[in-house]
Each structure stands twice: as structure tokens, then as C-alpha cells.
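Student: Read off the chains here:
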Amino acid sequence: MFRSLGFRGGIHPPKYKNPTADSPIEVLPPPAKVIIPVLQHTGPCASILVKRGDRVRLGQLIAEPSSPDSAAVHSSVSGVVLSVANFPHPLGAHVLAAEIENDGQDLAVETAGIDTPWKEAAPQEIVRKIFSCGVVGMGGTGVPAQVNLLPPANNPVDTVIVDCTGCEPFAVADLRLVKEHTDEILTGALIVRKILGAKRAIVVADSSAADVASSLSDACKDEKFHDLSVALVRPKYPQSDEKILVRTLTKREIPSGGTPADAGCAVHNAATILAIARSVLSGTPLYQRTLTAGGPCVSTPKNLLVRLGTPVRNVLEFCGTDLQRTKKVVMGGPMRGSAQAELDAPVLKTTYGVFAFDTLVPGVRNYNCIGCGRCTRACPMRLSPAYLMRFTDKNNVIDAQHWGVADCIECGSCAYVCPAKINLVHFMKLGKYRVKNAAASRAAPGAAA
Amino acid sequence: MNEPVSESPQPLLHLSTPPHIRQSESVHTIMLSVIIALIPAFVASMVFFGMRALALTLVCTAAAVGTEALLCILFRKQLSTSDLSAVVTGLLFAFTLPAHLPFWMGAAGSVFAIAVVKMAFGGLGNNLVNPALAARAFLMVSFPAAMTSFTAPAHGTMFGLSRALDGVTEATPLVYFKNALATGNFHPLDLQDAIGSLLVGNVGGSLGATSGIAILLGAIFLLYKGIIRFRTPFSFIGSIFLLSWIFNGTGDVLSTEAFIVPLYQVFGGGVMLGAFFLAADPVTSPMTPWGRILFGIGCGVITFLIRKYGGYADGVCWAILLMNFCVPILDRYCRPRPYGERKKRE
Ligand code: SF4
Ligand code: SF4
Chain A
5 MFRSLGFRGG IHPPKYKNPT ADSPIEVLPP PAKVIIPVLQ HTGPCASILV
55 KRGDRVRLGQ LIAEPSSPDS AAVHSSVSGV VLSVANFPHP LGAHVLAAEI
105 ENDGQDLAVE TAGIDTPWKE AAPQEIVRKI FSCGVVGMGG TGVPAQVNLL
155 PPANNPVDTV IVDCTGCEPF AVADLRLVKE HTDEILTGAL IVRKILGAKR
205 AIVVADSSAA DVASSLSDAC KDEKFHDLSV ALVRPKYPQS DEKILVRTLT
255 KREIPSGGTP ADAGCAVHNA ATILAIARSV LSGTPLYQRT LTAGGPCVST
305 PKNLLVRLGT PVRNVLEFCG TDLQRTKKVV MGGPMRGSAQ AELDAPVLKT
355 TYGVFAFDTL VPGVRNYNCI GCGRCTRACP MRLSPAYLMR FTDKNNVIDA
405 QHWGVADCIE CGSCAYVCPA KINLVHFMKL GKYRVKNAAA SRAAPGAAA
Chain B
12 MNEPVSESPQ PLLHLSTPPH IRQSESVHTI MLSVIIALIP AFVASMVFFG
62 MRALALTLVC TAAAVGTEAL LCILFRKQLS TSDLSAVVTG LLFAFTLPAH
112 LPFWMGAAGS VFAIAVVKMA FGGLGNNLVN PALAARAFLM VSFPAAMTSF
162 TAPAHGTMFG LSRALDGVTE ATPLVYFKNA LATGNFHPLD LQDAIGSLLV
212 GNVGGSLGAT SGIAILLGAI FLLYKGIIRF RTPFSFIGSI FLLSWIFNGT
262 GDVLSTEAFI VPLYQVFGGG VMLGAFFLAA DPVTSPMTPW GRILFGIGCG
312 VITFLIRKYG GYADGVCWAI LLMNFCVPIL DRYCRPRPYG ERKKRE
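For the record, the sequence lines run as chains A and B. One rule links them: number in the working numbering = place in the first sequence (from 1) + 4. One rule links them: number in the working numbering = place in the second sequence (from 1) + 11.
Rather than coming from a laboratory, the hints here were simulated on the basis of the structure. Every residue, glycine too, gets a C-beta built ideally from N, C-alpha and C. There is no bait here: all hints are sound.
If you anchor each label on the Cβ, the simulated ranges turn out as follows:
#	chain 1	residue 1	chain 2	residue 2	range
1	A	A443	B	C83	38 to 46 Å
2	A	A443	B	A80	45 to 53 Å
3	B	P300	A	T363	27 to 35 Å
4	A	R329	B	V152	57 to 65 Å
5	B	A157	A	I402	48 to 56 Å
6	B	L316	A	A443	43 to 51 Å
With the sequences and hints as input, model every part of the structure.
Tutor: So, in C-alpha cells, the structure goes:
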């Protein structure tokens, strides 16, 4: 039907896309208590509006965006605010969060979509609605949606890319989302295209997920969606990264340090598009999301619809996780997710998966780098991770920068293939940090020394 | 609400940077594959040079592993012999020796390879040059006579000809070729006669390097497994083939004989073993795609120059050693352009 597209580098993890690709999305019962941090996106924290003892409703705004590149935060249950305090954040550090006790009634606030039909509405009006619903990039980036929907005027966007390939190996809830909500997602694609005034919108599916691809192309036969196009990409990680998608589909490259808009593209993943569509059509704020729960310790891996702020423990227990055997809990996917120190870490807008592992992946060097070059072959960004590691190790900031450490997308392909089991991503992160620090101390000599 | 109150205590959780899954291939499995790939050449060496080859190989390997273990214990380092790299070094080193080298020389070479070339620099991955080759070079300069007195295989002749040549003794195919060119006593048809023996390895030479076919078998296995890549070995072999085809000594590049010479050059010495097992050694070869090609070409050109103008009959060992030192600079100038790097403005 279509030729599937590929890119250079990347890896093929085993049992790709399994084992939850065919399990329908189930609803996780709302927990007794949620913890909702005011920071679930990139950019500044939202400013909290509730205080201890307040009654809140489902979908009520509890923190408002503090700047145009921040995002609104809503309550995911109805009940009483138990406390507003600093809680451990899944990404480290402590962040202000509202702890809300669930009264089990799910009394929702009234919501409504935008007043005029979206086809006639002004782009600014639609974006305002999306902004008020707190939509952020749900594929893990957490970039507030309005940032990518209002690119600078000198960067017209001509291509909207909707990523329906799933975020990562094993974290495949997005695939189910596409199958179960095809119409809404395609409508979302049209809305985004309309906002940006883009010429075309491409829906991308993984060629190995034939059912997703066929349900998309069937839906596109419909009169409403006939000017959307469906593209297939070969199953290979990290095909769903925005930089990789832009190159695969348009042969353009996002300039180093730039955004997709610099290459005339806008990339959104299926979950984000769905959230956008719902906020525009019915005004539903972002208070729940789908995620995949899995991993070796989980007896029945599932795709779940989860209220934001639900502790990871609830998700894992619902899927029958052997917590005694669990040695590592990861939020996100196995390739990119962050390991959690606590089982009470809340599910965020960006949490596309929760995984429990019973093995420790070596976090230290077992061997020296043997210079095999596998990392260089696997890197989709054409970097040389082994050299970047050496430069970082020796604090050689100039070379690390010259070899492009800042361009690393932290996809983990290099560390996945490394036979010496070196944690290359660690060195990439450290390298970026050192490059940034060096730049800062150059800008302000003495200040950062 | 309808949630069970969770009673299970929180397990101790492990933190690390992603990724949380890894490929199963490790340094250990890579080395194991290299050892498997060396088996055909090992068998060939026993067929052609008998038990003596087996014994020398065992001595060298045991000396290499023993040295590594001893040094690890001495310096209170974690025992690193389990990564099997010492076995590979020992085997490869033995394969570059004449079959009748005294055992103690072989053992001394192995000790040098491991103690001086590898461990002194920090163990596997930190050595600048290939330990097996450096050890061979060490023996070449220390015991030149012993290192160049090759013996004919049990059921063949030194240079692979079906008839005996008068007045030529103890000469490997390359020595014969060199002398023939020098004296003007050059018969391309002789070479044609020898090609068959050369391919299977029934000629005089280093014990594991003579059989091109056996090495090729191992190399195909490694290429299939992705442990060695095409760039280095093929640019090495390609460049030496091309050069010796163009400068083939007959003055005519289109005759049949003109194609025999490069074949003779590729199979008649250490090129096959060198290209697939020594030059392609990951530690001492470049990582960047273009770096690998230039590295292979460099090896080929230097080998060719040594063979044609130098004092040695076979220059593979020196060529690879010289190129080993160029690896950092090659990689530096072959840095791939990262995705999204802005092109320099004109
Ligand atoms: S260097 Fe960065 S971009 Fe390249 S493979 Fe490693 S993590 Fe991915
Ligand atoms: S994959 Fe690992 S061992 Fe191989 S070159 Fe890269 S860092 Fe070194």
C-alpha cells in the first residue's frame, strides 16, 4: 500500500511493541488520594490557586499558568485538598503539589468547547482554549501545546506530523488510543493544521502495527479526512522522536538547538492530539491519560486510563505486580523513562508508561570502551557517543561541543547496544550539563566558577 | 475508595539513568565469537603444520591468559580474564608466528603483548596498538632469524608450486616473489600454478595466516554477526589488490598474469589474517565510518610499499601498527556531521 520510510541508525529492541499492543484500554479506578504537582511540563511552574481544606471538583483549575510557556493544572478527582506542600517529583527534586482526597463522587465542573465551530474560529481563540485546558506534549516532552501551535511569524509551518507510532518499545498505549479514538485524533490533526495554516498533515504509523495503519487509512477514506495523508515508517526505535520524524518524512533537519518549526514542521503525538481535540470540542481539561503498565515484574501488562496524580503503586498493584521482586520502577518507557525512588510518585501528564523491572541494568562500567563503534552506528543523530563519553570524562568541553553533545536526544540507542555496558546516556547528560555550564561561565566570568 | 489499602512495604528501589533494557551482546560474547571464528584457521594450521602448530598456539594462549591473571592479582584488580580478550590475543599472536619457533620465544611474546602493550596501558580498551602485532614486532626485532625461518607445510612446498624450484630454500611465497622480481627471474605462470595452494594455505608462512579460505570462513561468520564491519578489511584488501594490480611487475595491466599478481599478494602473506582479525580489532581501529575506510586504505598502501620497496617480505604487521597510531587523528578528521548542525556559511 505505502512504502515505509526509515532512517539511519536506531535499534531493534526485541519483542517490539508487545505485549500489550492488543489489549484494550482499561480504566484504572481513581485512587483514594492524588498528588498533583504544579510542574508537569517544561517551562515555569503553574501558580497554585487552592489551599488546604478547599473543596475541588473534577476538572477544576487548581493552578493557573504563570506565563505563556507554562501550562494549567486541573484536579483529577473531586474532593478536599489535604495539603499544598512540596512533594518529591518523579523527575527528582521537590515540587509544590496539591494533595487531594478523593470523595469518590467525581463531581465535575461544567465544560464547553469553543463557542464558534472550530472550522470558523480564529486560530488564537482555539489556542486559548487549548491553553486553558493545560494540554502539553504527552509523548514525554511535556512542552505546553500552545508553544508549538504559535510559532514565530517568520517560521511558517507547512507540515503537521501526527505521530501514531507509539512512544517507545513496550510503551504502546498510544497505539490503542489511535485504534479506539481514530476519529477524534484525525479531527485533532485537522484542528492543528487549521491553527497553523499548514498545507499538509501527515499521520504516521508504524508499518509493523498493521491494524493501526489500516484503521487510519480506512478512516482517511472518509469525506471529512480525505486531505490527511497516512505515512508508514519502519519499526525501529527511536522512530517517533520529533527530530527523526521530521527527517524521515520531509528530509529536512531541525537545526541544532531549534524547534520543529525551524524546519517548517509541527510534530504532535497521538495522545496530545487527542487532548487537543477534546479540549477544543468539549473543553475537557487534561486530567487523565493513557499509559502502558508492564515490565518483567508485572503479571498482566495493561493499557490503562489513569487519573493524573495517581501514585505509581496503584497502577502497579492493579496489574498484579510482584512488588517484592521489583528492583526498579520506571516512569516513562524502558528506553527513556526515569527510575523512581518512591512508589508514591504521581503519574504526570508526560507519563506514557510505568514499568517494573526485576533486574538491575549495570549503571557503572563493567568494561572499558572497546571502541567497537556500535554506538556510532546506532546513534540516529550521527553522533559518536564513545568519543563524547571520553571528552566528557576528561572535562574536555570544547571537543564535546564540537562533536555535538548538545544534539543528543537521549534516546538511549547507544547505551542499548554497547557491549561494554557503559551507561552512555549518563555521559551525554553530564556532557550537556558541562557544556552549558562552560557557556554560562564564559558569559559571566567568575560567576559560575 | 474501592482501592485496597496497600500494605506491602516499599521495596528498595534502584535508580539509574535510562535506558533500562540492554542488548544481550557483551564484550564476553564478542570475544567468544572471535574465538569461534578463529577455529577454521586453527584447524588449517594443524593440518598443514601438524602438532607443533597446536602446541605453539597453546603455549602462547596459556602464557597470555596467565600473564593477565597474574597482573590482575598482583595489582589487586578485578580478574579480567573472563572477558576472553587475552585468549584472543594469544591465539592471534600465535597465528602470526612460524610454526617452529621455540616455545619460550612464543611465551615471551605473549607476556610482552599482555604485560607491556595491554595491561600497562590500562587493560582492554586502553591499548594504543594491537597487542598481538606489537608482540610480533617485538620478536621480529629481537629474533629476526628465528622469526623468518619458515618451514614448508607437511604435505606441500614452501611457495605452493607443484614442482620444486632449484636453489630456493626456506622462502615464503612473498619472499620468493620479492626475489624473483629483484633478480628479474619472474614468471607469472609460476604464480598461477601456486594460486590453488595459496588459497587453501598449503604453503610456507605464519602458522595461522596461510589459509585464506579458512580465514575467510571465520570472517564471514564475524561479518554476519556484525562483529567486524566491511569497511576496514575491504578497504585494506581492496587497496592492496588495486595497487599490486597496477604495479604488477609485468608492465601490462590487462593480461591474465596481471590479475594473478594481486591475488598472490592478497593470499600470499598476512593480509587476510591482518585485514579481518588484526586491523578490524575494535580497540585499535577507528570508529567513524570514513575513519575506518581511510584506516584500511592506509594499511593497504603501507603494506604495499613495504613489500615493494621495504626490507621485509611481508609488511602487514608494520602497516597495521603504524596505522594504529593514526587512529585518533583519523577519527578526529572524520567526525560525522551531527544531525542538524548548521552548515558553515560561505
Ligand atoms: S548519543 Fe544521544 S542521540 Fe545518539 S544514540 Fe546516544 S542517546 Fe541517542
Ligand atoms: S558501543 Fe560501547 S564499547 Fe562500543 S565504542 Fe561505543 S562506548 Fe565503546
